[in-house]
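> Order-wise, the sequence lines are chains A and B.
Per this note's numbering, the very first residue in the first sequence carries number 24; after that it's consecutive.
Per this note's numbering, the very first residue in the second sequence carries number 4; after that it's consecutive.
Honestly, the hints are just simulated from the structure, not real lab data.
Where is the CB? At the ideal position from N, CA and C, for every residue including glycine.
A couple of the hints might just be wrong.
[Said to hold, decoys possible] When the alpha-carbon atoms are kept at most 30 angstroms apart in a straight line, the in silico DSSO-like pairs for lysine-lysine are as follows:
no.: 1; chain 1: B; residue 1: LYS58; chain 2: B; residue 2: LYS83
no.: 2; chain 1: A; residue 1: LYS345; chain 2: B; residue 2: LYS9
no.: 3; chain 1: B; residue 1: LYS99; chain 2: A; residue 2: LYS516
no.: 4; chain 1: A; residue 1: LYS447; chain 2: A; residue 2: LYS524
no.: 5; chain 1: B; residue 1: LYS5; chain 2: B; residue 2: LYS55
no.: 6; chain 1: A; residue 1: LYS524; chain 2: B; residue 2: LYS5
no.: 7; chain 1: A; residue 1: LYS516; chain 2: A; residue 2: LYS209
no.: 8; chain 1: B; residue 1: LYS99; chain 2: A; residue 2: LYS386
no.: 9; chain 1: A; residue 1: LYS416; chain 2: A; residue 2: LYS481
no.: 10; chain 1: B; residue 1: LYS55; chain 2: A; residue 2: LYS556
no.: 11; chain 1: B; residue 1: LYS58; chain 2: B; residue 2: LYS5
no.: 12; chain 1: B; residue 1: LYS72; chain 2: A; residue 2: LYS566
no.: 13; chain 1: B; residue 1: LYS72; chain 2: A; residue 2: LYS516
no.: 14; chain 1: B; residue 1: LYS5; chain 2: A; residue 2: LYS345
[Said to hold, decoys possible] Some chain B residues close to chain A (C-beta under 10 angstroms, calculated; not the full set):
no.: 15; residue: ILE13
no.: 16; residue: LEU17
no.: 17; residue: ALA20
no.: 18; residue: ILE30
no.: 19; residue: PHE40
[Said to hold, decoys possible] Chain B stretches covered by chain A per the calculated footprint, using a threshold of three residues with CB under 8 angstroms from any CB of chain A:
no.: 20; stretch: 69 to 77
no.: 21; stretch: 81 to 91
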Amino acid sequence: MCFIFSFFLNSKDIFIINLVSRIYTHSFFIFLSSFFIYIWLAISDNFSVLYIAQHSNINLPVFYKISSIWSAHEGSMFLWIIFLTSWGAVYNLLTSNDQPLKAKTLGVISITSVGFLLFLLLTSNPFETILPVPPENGADINPVLQDPLLAIHPPMLYMGYVGFVIAFGQAIAFLFEGNTNIRWEKQVRSWSVVSWSFLTLGIALGSWWAYYELGWGGYWFWDPVENVALMPWLAATAFIHSLSASSKSSILRIWTLLLSILVFSLSLFGAFIVRSGIIDSVHSFANDPERGLYLLAFIGLLVMISLLLFSFRFNLLLSNKKIISLSKESFISINNILFGTLIFSTMLGVMYPLIYEFLYDQKISVGAPFYNAIFVPITLLACIFLYFSIDTKWQQSFNLKSLYRPSFLSITVSGIIVFLAFYKLSITNFWTLSSLLIGLIIIIRYLIVIYFYFAHKKFANLYSVIAHCGLGLLIISIALNNNLSSERALNIKINETEIYKDHQVSFTNLKMVPGPNFDSVQAEFLIVNPNGKTYTLTPEKRKYFARGQVTTETAIRAFFLKDIYMTIGDQLDDGSWIVNIQFNMFIRWIWFSAIIMVAAGFLLAHSLSRSRS
Amino acid sequence: MKAIRKERLITVLLILATSALGSFLIIRALDSNLDFFFTPSEIFNEDIPNNKRIKVGGMVLEGSVLRDKTNISFVITDYKGSIDVRFDGLVPDLFKEGSGVVVLGYLKDETLIAEDVLAKHDENYMPPSIDIKN
Numbered sequence: 024m025c026f027i028f029s030f031f032l033n034s035k036d037i038f039i040i041n042l043v044s045r046i047y048t049h050s051f052f053i054f055l056s057s058f059f060i061y062i063w064l065a066i067s068d069n070f071s072v073l074y075i076a077q078h079s080n081i082n083l084p085v086f087y088k089i090s091s092i093w094s095a096h097e098g099s100m101f102l103w104i105i106f107l108t109s110w111g112a113v114y115n116l117l118t119s120n121d122q123p124l125k126a127k128t129l130g131v132i133s134i135t136s137v138g139f140l141l142f143l144l145l146t147s148n149p150f151e152t153i154l155p156v157p158p159e160n161g162a163d164i165n166p167v168l169q170d171p172l173l174a175i176h177p178p179m180l181y182m183g184y185v186g187f188v189i190a191f192g193q194a195i196a197f198l199f200e201g202n203t204n205i206r207w208e209k210q211v212r213s214w215s216v217v218s219w220s221f222l223t224l225g226i227a228l229g230s231w232w233a234y235y236e237l238g239w240g241g242y243w244f245w246d247p248v249e250n251v252a253l254m255p256w257l258a259a260t261a262f263i264h265s266l267s268a269s270s271k272s273s274i275l276r277i278w279t280l281l282l283s284i285l286v287f288s289l290s291l292f293g294a295f296i297v298r299s300g301i302i303d304s305v306h307s308f309a310n311d312p313e314r315g316l317y318l319l320a321f322i323g324l325l326v327m328i329s330l331l332l333f334s335f336r337f338n339l340l341l342s343n344k345k346i347i348s349l350s351k352e353s354f355i356s357i358n359n360i361l362f363g364t365l366i367f368s369t370m371l372g373v374m375y376p377l378i379y380e381f382l383y384d385q386k387i388s389v390g391a392p393f394y395n396a397i398f399v400p401i402t403l404l405a406c407i408f409l410y411f412s413i414d415t416k417w418q419q420s421f422n423l424k425s426l427y428r429p430s431f432l433s434i435t436v437s438g439i440i441v442f443l444a445f446y447k448l449s450i451t452n453f454w455t456l457s458s459l460l461i462g463l464i465i466i467i468r469y470l471i472v473i474y475f476y477f478a479h480k481k482f483a484n485l486y487s488v489i490a491h492c493g494l495g496l497l498i499i500s501i502a503l504n505n506n507l508s509s510e511r512a513l514n515i516k517i518n519e520t521e522i523y524k525d526h527q528v529s530f531t532n533l534k535m536v537p538g539p540n541f542d543s544v545q546a547e548f549l550i551v552n553p554n555g556k557t558y559t560l561t562p563e564k565r566k567y568f569a570r571g572q573v574t575t576e577t578a579i580r581a582f583f584l585k586d587i588y589m590t591i592g593d594q595l596d597d598g599s600w601i602v603n604i605q606f607n608m609f610i611r612w613i614w615f616s617a618i619i620m621v622a623a624g625f626l627l628a629h630s631l632s633r634s635r636s
Numbered sequence: 004m005k006a007i008r009k010e011r012l013i014t015v016l017l018i019l020a021t022s023a024l025g026s027f028l029i030i031r032a033l034d035s036n037l038d039f040f041f042t043p044s045e046i047f048n049e050d051i052p053n054n055k056r057i058k059v060g061g062m063v064l065e066g067s068v069l070r071d072k073t074n075i076s077f078v079i080t081d082y083k084g085s086i087d088v089r090f091d092g093l094v095p096d097l098f099k100e101g102s103g104v105v106v107l108g109y110l111k112d113e114t115l116i117a118e119d120v121l122a123k124h125d126e127n128y129m130p131p132s133i134d135i136k137n
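Between the sequences and the hints, there should be enough to build the whole structure, so can you do that?
Structure follows, in structure tokens:
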């Protein structure tokens, strides 16, 4: 297996583009076939492979046999590299050979791949075998990971992470070439928007999985593992915005280049944090200093080379055009700064416990209050600048007067709705109300844009409009979810009824249900809402055979505006059960907004790549 | 030439000033929102105010778990010291006597009033036998 990988080394030395392209394609197919062999090994229960023996099981459905490949470290990294090289292969296929940056871009992609392949081979070889006597059965995949959503969440996330290798490769190739006339920004736009969409989708799926599987009833926990996915996302969001500015003119070029390096290094940094186990996380994955050290050294090297290259070319990049105040670029650069602040704060929150322990020998952790204190005001501020930027034009100062009419409508309508929320729902929290106001203003303002687009043929980038509506909806949903959700633990015996928030909760039945690879205790609850409608919810507790592990299966009943969410806890000595019931308001809308953004992203990327060709 | 230099100087100073102010605000927000982590034996040697949220990690002492309706009380120990914990709500599946636990909460009369109870798990999501981070 090792031989296959070494093919990649060749593709840097040869400067004839066609040859580079061909070699890349060939080595990619050889590498890809090694992955297919691996999948086949997993499906056919070949437990002489250590990794498969540790993470798969004969009794698993085929689907989970495959997804068990990326349920832990070695396989995940394998998949990561497969995606990395696949992006390169697709780029290779779709980009014609006369593109000036192609060979160098492929070179950068190859070097990155080789770095990761070496990492895989030296510290975490997925093909390691247990011979001569392989075990008869595997140890099984962790039950909380036996879930269709979690089978596709890591692939989506990795697709997003490593997709930015194209932008990164192009940026480095551009810096290397040093020819400022090459418009690399235009070429990477659709690539980057696609990667951004994958990243968004991956994060949203992970959040949804955590919601129904872990039984805590939240969608975001500010856990380090989540934060390291958020940072590249923030950087990527800033990146695709300033990319759209600098693909029109050479303005913001420095921002764009720096951001492309930042996005990719943050993606790699995420891999480092998750894989080294250096940070104490609720779902910390592995604890291996050797792996961490290698990754850190590799990332450090990449970032250093990129930044050195950048500083060498800095003078070439200085644009003699100035950013005109109140132009679209000016707002984008302000929001770049705000996004930078968010990334910096998140990074600080992730790293501070390490620094603090090193300095004061005292363990600390940074929780949600810190992130909320930073993210809420800054995001809202960024949204205000976004609002102003709606009417602006590229490289032109905009006329403040043009703001009056549409603003009047959107602010009045939003103001009335917020006042109603304050009055009827008695929401008094300042930040909730402001989020509500700003979210609504954005949505309504964009609806006006859509109206003008269709009724008066006024130009608008429809996909971007939709994505930003998604953002407005996201802010509103998060604010309302945070403010209106509630939960309570109940102590209830079978055939008893309790009242929670005008809902009758009756414990009607308890039974044992055997599953394919677990035993389950299933409780049945009848819920009568204030209007007399009844619903049955059946939360479970499962005990898995292979590992003897107990998991909680939540029961969720989704309505238009709220979820009823139940979990069962332990049974007490008197036979009663502890049950948790939550009303999670607007929680579906959070993922729905994310889906809107993802869809808009994919459509935008599609239209961009069509307009280019 | 001089005018340009002066302009640049002002720009640089402005950038420095804003980023200094920004960092100051962020770090202040950070400092007021830290959760300190203690082991049961450390906890009474430190002067911890009642309104400070802390994390305490250790093992759930065998035989110490008492339940009353949705309330649960137990003792966390590191076999050098121990502390009483009270909590209202569901404890996680991995919560067990003799197993590792981390509690987030506030001190009140030498008892930890828990906001959240977390059981620790590693890559394989198994409760660790004894290794609670010190």
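> Holds or violated: B:ILE13 as interface residue toward chain A, Cβ cutoff 10 angstroms?
violated (15 angstroms)
> Are B:LYS99 and A:LYS386 close enough, with their CA atoms no more than 30 angstroms apart?
With Cα atoms ~24 angstroms apart, B:LYS99 and A:LYS386 stay inside 30 angstroms; holds.
> Is A:LYS516 close enough to A:LYS209, meaning Cα to Cα at most 30 angstroms?
Given that 30 angstroms is the threshold and the Cα spacing comes to 65 angstroms, the pair is violated.
> Take the C-alpha atoms of B:LYS5 and A:LYS345, compute the straight-line distance between them, and say whether it is at most 30 angstroms.
Given that 30 angstroms is the threshold and the Cα spacing comes to 19 angstroms, the pair holds.
> Within a Cα-Cα threshold of 30 angstroms, do B:LYS58 and B:LYS5 meet the stated pairing?
violated (57 angstroms)
> Would the hint on B:LEU17 be counted as holding, given a Cβ-Cβ threshold of 10 angstroms to chain A?
Violated, because the Cβ-Cβ distance from B:LEU17 to chain A comes to roughly 12 angstroms (cut-off 10 angstroms).
> Straight-line Cα separation of B:LYS72 and A:LYS566 no greater than 30 angstroms?
Holds, because 24 angstroms separates the two Cα atoms, which is no more than 30 angstroms.
> Given the proposed pairing of B:LYS5 with B:LYS55, does the C-alpha separation stay at or below 30 angstroms?
Violated, at roughly 54 angstroms.
> Below or equal to 30 angstroms on CA atoms is what counts here, so check A:LYS416 against A:LYS481.
holds (13 angstroms)
> If you draw a straight line from the CA of B:LYS55 to the CA of A:LYS556, is it 30 angstroms or shorter?
violated (44 angstroms)
> Should the hint that B:PHE40 touches chain A count as held when the rule is a Cβ pair under 10 angstroms?
Holds - the Cβ of B:PHE40 comes within 10 angstroms of chain A, reaching about 4 angstroms at its closest.
> Holds or violated: B:LYS99 with A:LYS516, Cα cutoff 30 angstroms?
Within the cut-off at roughly 22 angstroms; holds.
In this structure, the earlier hints numbered 5, 6, 7, 10, 11, 15, 16, 17, 21 are contradicted, and the remaining ones agree with it.
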